[in-house]
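Novice: Spelled out, the chains give:
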Amino acid sequence: MEKLISKIPDGPLATKWTKYKASVKLVNPANKKKLEIIVIGTGLSGAGASSALGELGYSVKTFCYQDSPRRAHSVAAQGGINAAKNYQNDGDSTYRLFYDMIKGGDFRAREANVYRAAEVSNQVIDHYTALGVPFARDYGGTLDTRSFGGVQVSRTFYSKGQTGQQCLLGVYSSLNRQIKKGNVTMYPRREMLDLVLVDGKARGIIARNLLTGEIERHAAHAVVLATGGYGTIYFLSTLAVNSNASAAWKAHKKGAFFANPSFVQIHPTCVPQLNEFQSKLTLMSESLRNDGRVWVPKTKGDSRPANDIPEEERDYFLERRYPAFGNLVPRDVASRATKERCDAGFGIGDTGLAVNLDFRDSIKKQGKKAIENKYGNLFDMYKTITGIDSYEEPMRIYPAGHYTMGGLWVDYELMTTIPGLYAIGESNFSDHGANRLGASSLMQASGDGYFILPNTISNYLADEIRVPKISTNKPEFAEAEKTVIERLNKFISIKGRQTAASFHKRLGKIMWDYCGMVRNEEGLKKAQVLINVLREEFWKDLNIPGEYTELNQELEKAGRVADYFELAELLVTDALDRNESCGAHFREEYQTPEGEALRNDEKFAYVAAWEYTGEGKPHILHKEELKFEEVEMKVRSYK
Amino acid sequence: MKLTLKIWRQKNPKAKGNFETYIMDNVSPKMAFLEMLDALNKRLVEEHKDPVAFDHDCREGICGSCGMYINGHPHGPVPAITTCSLSMRYFKDGDTIWVEPWRAKPFPVIKDLIVDRSAFDKIQIAGGFISVNTGAAPEANSILIQKKKSDDAFDSAICIGCGACVAACKNASAMLFVSAKISQFALLPQGRVEARERVRAMVEKMDELGFGNCSNTGACEAECPKEIKLVNIARLNREYYKAF
Amino acid sequence: MSKVLFSSITKKFTMALAGLFMLTFLPLHLFINLMLLKSEPGPFNTAAHFMATFPVIKIIEVVLFAAILIHISYGIWLQIRNWLSRPVGYVSGNKSDISFFSKFMIWTGAIILTFLILHWFNFYFIKLGIVKGNPEDFYSVAHNLFKIPAYDIIYLSCFALLGFHLFHAFYSAFQTLGLNHRIWSPVVKVIAFIYAVIIPAGFAFISITLWLFR
Chain S
182 MEKLISKIPD GPLATKWTKY KASVKLVNPA NKKKLEIIVI GTGLSGAGAS
232 SALGELGYSV KTFCYQDSPR RAHSVAAQGG INAAKNYQND GDSTYRLFYD
282 MIKGGDFRAR EANVYRAAEV SNQVIDHYTA LGVPFARDYG GTLDTRSFGG
332 VQVSRTFYSK GQTGQQCLLG VYSSLNRQIK KGNVTMYPRR EMLDLVLVDG
382 KARGIIARNL LTGEIERHAA HAVVLATGGY GTIYFLSTLA VNSNASAAWK
432 AHKKGAFFAN PSFVQIHPTC VPQLNEFQSK LTLMSESLRN DGRVWVPKTK
482 GDSRPANDIP EEERDYFLER RYPAFGNLVP RDVASRATKE RCDAGFGIGD
532 TGLAVNLDFR DSIKKQGKKA IENKYGNLFD MYKTITGIDS YEEPMRIYPA
582 GHYTMGGLWV DYELMTTIPG LYAIGESNFS DHGANRLGAS SLMQASGDGY
632 FILPNTISNY LADEIRVPKI STNKPEFAEA EKTVIERLNK FISIKGRQTA
682 ASFHKRLGKI MWDYCGMVRN EEGLKKAQVL INVLREEFWK DLNIPGEYTE
732 LNQELEKAGR VADYFELAEL LVTDALDRNE SCGAHFREEY QTPEGEALRN
782 DEKFAYVAAW EYTGEGKPHI LHKEELKFEE VEMKVRSYK
Chain P
16 MKLTLKIWRQ KNPKAKGNFE TYIMDNVSPK MAFLEMLDAL NKRLVEEHKD
66 PVAFDHDCRE GICGSCGMYI NGHPHGPVPA ITTCSLSMRY FKDGDTIWVE
116 PWRAKPFPVI KDLIVDRSAF DKIQIAGGFI SVNTGAAPEA NSILIQKKKS
166 DDAFDSAICI GCGACVAACK NASAMLFVSA KISQFALLPQ GRVEARERVR
216 AMVEKMDELG FGNCSNTGAC EAECPKEIKL VNIARLNREY YKAF
Chain D
87 MSKVLFSSIT KKFTMALAGL FMLTFLPLHL FINLMLLKSE PGPFNTAAHF
137 MATFPVIKII EVVLFAAILI HISYGIWLQI RNWLSRPVGY VSGNKSDISF
187 FSKFMIWTGA IILTFLILHW FNFYFIKLGI VKGNPEDFYS VAHNLFKIPA
237 YDIIYLSCFA LLGFHLFHAF YSAFQTLGLN HRIWSPVVKV IAFIYAVIIP
287 AGFAFISITL WLFR
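Chains as they are written, first to last, in the numbering used here: chain S, 182 to 820; chain P, 16 to 259; chain D, 87 to 300.
Possibly wrong hints are sitting among the right ones.
[As the list claims (entries may be wrong)] Taking beta-carbon pairs under 10 Å as the criterion, some of the chain S residues facing chain P (in silico): (1) Y268; (2) N270; (3) N303; (4) G313; (5) P315; (6) Q347; (7) I360; (8) L392; (9) T463; (10) Y631; (11) G727; (12) N733.
FYI, nobody ran anything at the bench for these hints, they're computed from the structure. Note that the Cβ used here is the ideal one computed from N, Cα and C, for glycine as well.
Let's have the full structure, built from the sequences with the hints guiding it.
Specialist: Written out as structure tokens, the structure is:
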């Protein structure tokens, strides 16, 4: 217990951050240049942090596995970014945004962090606008907003269906400015393969140059992980296929606690699987649910084309079950309701694993032009993938793994349990509780990177100013490097028959079937066995061609899959340990008679932070009790 | 479907490289092009052969990682999409498909179908930004922007940096790429402040890196997966003259 | 400053301006040539004499030659860089949906240049005294040349190529100068087409008439 000190400042919620900033230790400008910081990842949080730290004068070294920082997966976020600007005069405020997030997260997030995320959201919008991000505008020249699932105000800023891309290109541009100024050194096509600790503090990384295979040592006074989520543990997900948890997992094995790993968001509106070789599932923005109605036929196995099914034979199940929010219920609720209908045999298409998302009524009411203006590129995208014209017939959608609320445990300063190691953006656990609301991911990642970390990191670095440049010749670096190379060679030396991807696919299937949208004790226990069996097979029958000293994409995959086996085990353990249903974590044993999630606040109002204790040894659970001083824990109802 | 693939194989940047022929049986029209390559790679690895290296990531047409020159077109014969969004339903049983890497001096081949596109980053680093520090931004709605201008800026800003424009251009010119960024900032009041320095720096870097000259053939526009228009190039030219 | 003066865009700007200037000369040349259709040599020879001696024209002539020189040298300069920018080509070729003639500007340009040199041997160099002949009677020179079928065939093919060259060049110059407009650019394209058809057609008409019908 004593290991989890959340460092939440005293005082009223609304003044905590201001007070913190006013009292935080600072580093003087002359000393900043001497302090080196490593940032892993160049999404909104990583590139944002790199540029903000560069602007402050620190020496920043930034890494990404892609060929360019502009390709980080933040680029794929579609819908928008929230801020409590209240431009619509619809009653929005920092408090309401905070409250919506706390409620949406089913009361499993830390109040102080969430409030701060809401607080800096307005600055994020100001900053992006100044950077030239072309957010949608109204005719008067002001910024436009739209509403998103799970809330009743319109606070989501957007750039058509490419908000993530536009924001990412914004941070990429500010990163480039710092690269030009020499404050940031960019290392693309590098994968972090281990974290190096010196005297218990994070002091560097071992990275592999993905082009040459060269193993590199990089040292710094602090390390920031901005490595995103682990949604690809399901193999098929909405994530980029190379997204992975390896950097975070390596940090975990070096002592950073992993929090709430089982909190995984399954996004309700994705293009269903089309073939057995499918490599990913494409997300169709949640904003579509503003105008699209979700339905299945009332008769089981009704195979008529959607347009031939008359109105009275359609079951608009979200509107039926949740009249207050209708099609705009939060993602976890929509996903589960979809799964429930499909499992009951009402699904459509060849597989029965899809439901309709129908725009017929909206097109009738608003005209095709209006719908095209709002969602044109999404409709085009859908047509490109499936060949179906959604102006004429409904889209077919099904849930897919999307966002991981769980991640490395961090305190109020975003520092993990390893001194000097920070985790920001999706890679930490902090702001979304058990479920993330739409458009709050870009908001949190940007806030963490641009506005929060640059303030909190000085509190640590202020005590490091006397520490000279860290040498990579220290024995700790040599040892970490040796371990990394041994492991790489081990993958290659197995010389079995199966590819890394085929193991990944099978692991993903186990996770999806037993630890996906709906979980139960029996299934989770079965998953534990299956994961172990598969993992053993992996280490016996993996087939990796080539050497580690060259460009070797199969080897990259193998490392990521191997880490996923370990994370999968922890994910299942966490799901099994949490004997309640909350947010995206739905345990069948814990539900109301109407089939809604049943929380157990008495026993489970805590963050589960897991400590790694060694190869093959069980993780130790540390609990950070969640104290709700501002809000009252209520049953989350969207009815 | 049964397809014949002719794929460029090149071990490393210095190796000579050649086309290898692969026969693919049982290709489903529901597969995506890259999924077909995944299937090929699975087979190659199982046969203990070196799989085909190619860049890819998001697989939904937005990250700009993927890029192959397929049958005479960057990103294949279907307009306005990236390679990862290319469905196999656009090919016929018995087709022969040529797959080549981007070809341009500033994009040297690294391995097989992977090329080095860091030249694009270098151009952006030269000036593709608005100089504003974190925390220095004014209240967002204090900058009013005509909706039309803002929408036009967006249409330029959606470039994914894949390099198809360079690959398609007979001169390997990067003008469409550069002009898209220049246009985005030229259209917005925030970007006007340092428009002069930006356009000069970016064009100078573009020239230095060895890209060819635009001869207005329009191949870039025809092949751009995000349908970025030639008007951007005219605007870049204008911006450049203004900066004299 | 040299980086700006000799940047890719400035070079193209210069080349476009030079090209556009050359475009103004062609209609005048055609107008004078039309006098070849008259049965008496007087008007044509007078016009030719005027062109050869009038001081203002002499000045413009210098500018014109400078334009030709710049257009050609810059064209070659830019083209070499373009070739160097793609050292390895595509086996599957380029099937992009683009204007056919825009791909061959350097070649149509080169052929037109060859013709231009031939043309200078036939006329301009006589005036300069480099080649023997009577500079006061270009009418007869022209009539005699057009009677040679081989010359007519070369002449006609070159003007066809000139048309192709002009069609892309006209529109392209506007784009290079940054003069792109939602409404006017399509108009420019139409004018380019008309210009690229009428000018070569006019020259061709004279050639065919003198060759076959006189």
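Novice: Take the hints in turn and mark each one as holding or not.
Specialist: Structure-based check of each hint:
For Y268 (chain S), the interface hint holds, since its Cβ comes within 10 Å of a Cβ in chain P; the closest pair sits about 7 Å apart. At a threshold of 10 Å, the smallest CB-CB gap from N270 (chain S) to chain P is about 13 Å, leaving the interface hint violated. Among the interface hints, the one on N303 (chain S) holds; its C-beta lies about 8 Å from the nearest C-beta in chain P, closer than the 10 Å criterion. Below 10 Å, beta-carbon pairs count as interface contacts, and G313 (chain S) has one with chain P at about 5 Å; its hint therefore holds.
Taken as an interface hint, P315 (chain S) checks out: its beta carbon lies about 4 Å from the nearest beta carbon of chain P, inside 10 Å. Restraint check, Q347 (chain S) versus chain P: the minimum CB separation of about 6 Å is within 10 Å; hint holds. Contact between I360 (chain S) and chain P, as hinted, is supported at the beta carbon level, the nearest pair being about 5 Å apart and thus within 10 Å. Here the hint on L392 (chain S) is kept, as its CB sits about 6 Å from the closest CB of chain P, short of 10 Å.
Nearest Cβ of chain P to the Cβ of T463 (chain S): about 5 Å, under the 10 Å cut. The hint holds. Given the 10 Å rule on beta carbons, the hint for Y631 (chain S) holds: about 5 Å separates it from the nearest Cβ of chain P. Taking 10 Å as the C-beta contact cut-off toward chain P, the hint placing G727 (chain S) at the interface holds, the least distance being around 6 Å. Taking 10 Å as the C-beta cut-off, the interface hint given for N733 (chain S) holds, the closest approach to chain P being about 9 Å.
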